[in-house]
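Hey, can you work out the whole structure from these sequences and the hints?
Here's the letter readout for the chains.
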Amino acid sequence: MDSNEPITWRVKHPEKILHQYWEGEDCVVVYDGTSGNTHLLSLFAGEVLGLLMSDSHTVDSLLLAFSNDLSGADESSATGIIENVLSELRNIDLVCNINR
Amino acid sequence: MKISDYSENELVGLLKRGDLLLDLKPFVVRICSDIADMAHDISLMYADFYTRPVESFSDFHVSVMRESGVFNWIKPRARFFFDGRPSFIPLPESQAFAMLEWGLNWCVAAHSHHYLIIHAAVVERGGRAALLPGQPGAGKSTLCAGLINRGWRLLSDELALFDMENSLLFGMSRPVNLKNASINVIKQFAPETVMTLPVSDTTKGTVALMRPPRDSVQLASCGARPAWIVLPNYSAGSQPIMKEQGRAETFMLIAEQAFNYDIHGAKGFMAVGDLVGRSQCHRLTYSHLDDAILAFDELHSGSER
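Protein chains in written order, with the numbering used here: chain A, -18 to 81; chain B, 2 to 306.
Hints are not guaranteed to be accurate.
[What the hints assert, rightly or not] Okay, derived cross-link-like pairs now, DSSO-like style, lysine-lysine, Cα gap no bigger than 30 Å in a straight line:
hint, chain 1, residue 1, chain 2, residue 2
1, B, 205, A, -3
2, B, 188, B, 205
3, B, 188, B, 244
4, B, 244, A, -7
5, B, 188, B, 3
6, B, 76, B, 180
[As the list claims (entries may be wrong)] Covered stretches of chain B (in silico footprint by chain A; criterion: 3 or more residues with CB under 8 Å from a CB of chain A, positions within the stretch not fixed):
hint, stretch
7, 242 to 250
8, 266 to 273
[What the hints assert, rightly or not] Some residues of chain A that are not near chain B, with every Cβ distance over 10 Å (derived):
hint, residue
9, 1
10, 19
11, 72
Calculated from the structure, these hints are not laboratory results. Each residue gets a CB set at the ideal place from its N, CA and C atoms; glycine is no exception.
Here's what the structure looks like:
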């Protein structure tokens, strides 16, 4: 693998993921049918997960997709926000890096 | 026949033979016991419940039996059996009836997976149910006891049974388990209530059970639509505060308090979502029972407006 190649992320088992969201709330609940675990995510993390359910993405493509949501942040902090969300989703085993 | 139709001597005989089948809608429990006081407490607490003929099917076979041995002659102890197998450690015989209640809770929580079983009190008014989940000490049994003495129907003070197919809450309407200071609080709040003698030095402190209201027992097989989830939080000296609580956060709490959430997998996830989605979610901080009941009454009247 080319070390300069951007890391691409995807949901591990999109067919096993369920979610519940109620209008006006700032959190979303996600069920992972593979592990049986339930997670409380921020709405933004839920939206990132939702996007990764349909397709794989790099940090840059996520930045582009969420440019409206992150318009108030400068580039490095926007990148940090996306990386933190990806790190959170990876730690709970919902997403993985497909370059490896 | 109802329990109140039997004399205590008849109940003692039925219990000794293991022929007492108590109808705890939706379950039937066959109870066996050689402890004489058991008949008295069952007669006191389950007076309005029906029995089933001895040859009927029962969901659970439970026994509370005196332990044998010299030590037990000096300090008698009793043990709970489920399907003939000893379950839990022996406890002082004075705790036998409380042990029966705890054992029955365990039977239901560990085996009745056609329901989502939530550690919560449930009360109903006008066909709409309020679910009161909470950690021990949050005041849910006290609040439940207060509410059912002020016009709300008791479904349960401990185990909410959520019918996942029909989105209805059930609860058996069994005796309310009061602990420590809440025993006197309820005695003063509703002096007409019938309670067992307090038993001290249990794992939960001093406990006493309160007889469920007759109307609640008669309606035990009627489910109620979930309408409110209220997390009670007793805080000495606090003004009553009813605060809206996020549904996603409430979901996590309900999932944590559901004994068989993990067993149901995706179905359990959808069921908790259904329950939470149908309910207004609140957190109630209170220090006086009257204030808390007023807050519940306002919730109820608000829903009618």
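Structure-based check of all given hints:
no. : hint              : in the structure
1   : 205(B) <-> -3(A)  : violated, 41 Å
2   : 188(B) <-> 205(B) : holds, 19 Å
3   : 188(B) <-> 244(B) : holds, 29 Å
4   : 244(B) <-> -7(A)  : violated, 38 Å
5   : 188(B) <-> 3(B)   : holds, 26 Å
6   : 76(B) <-> 180(B)  : holds, 24 Å
7   : 242 to 250        : holds (count 4)
8   : 266 to 273        : holds (count 4)
9   : 1                 : violated, 4 Å
10  : 19                : violated, 6 Å
11  : 72                : holds, 17 Å
In the structure shown, a violation is registered for the earlier hints numbered 1, 4, 9, 10, in ascending order.
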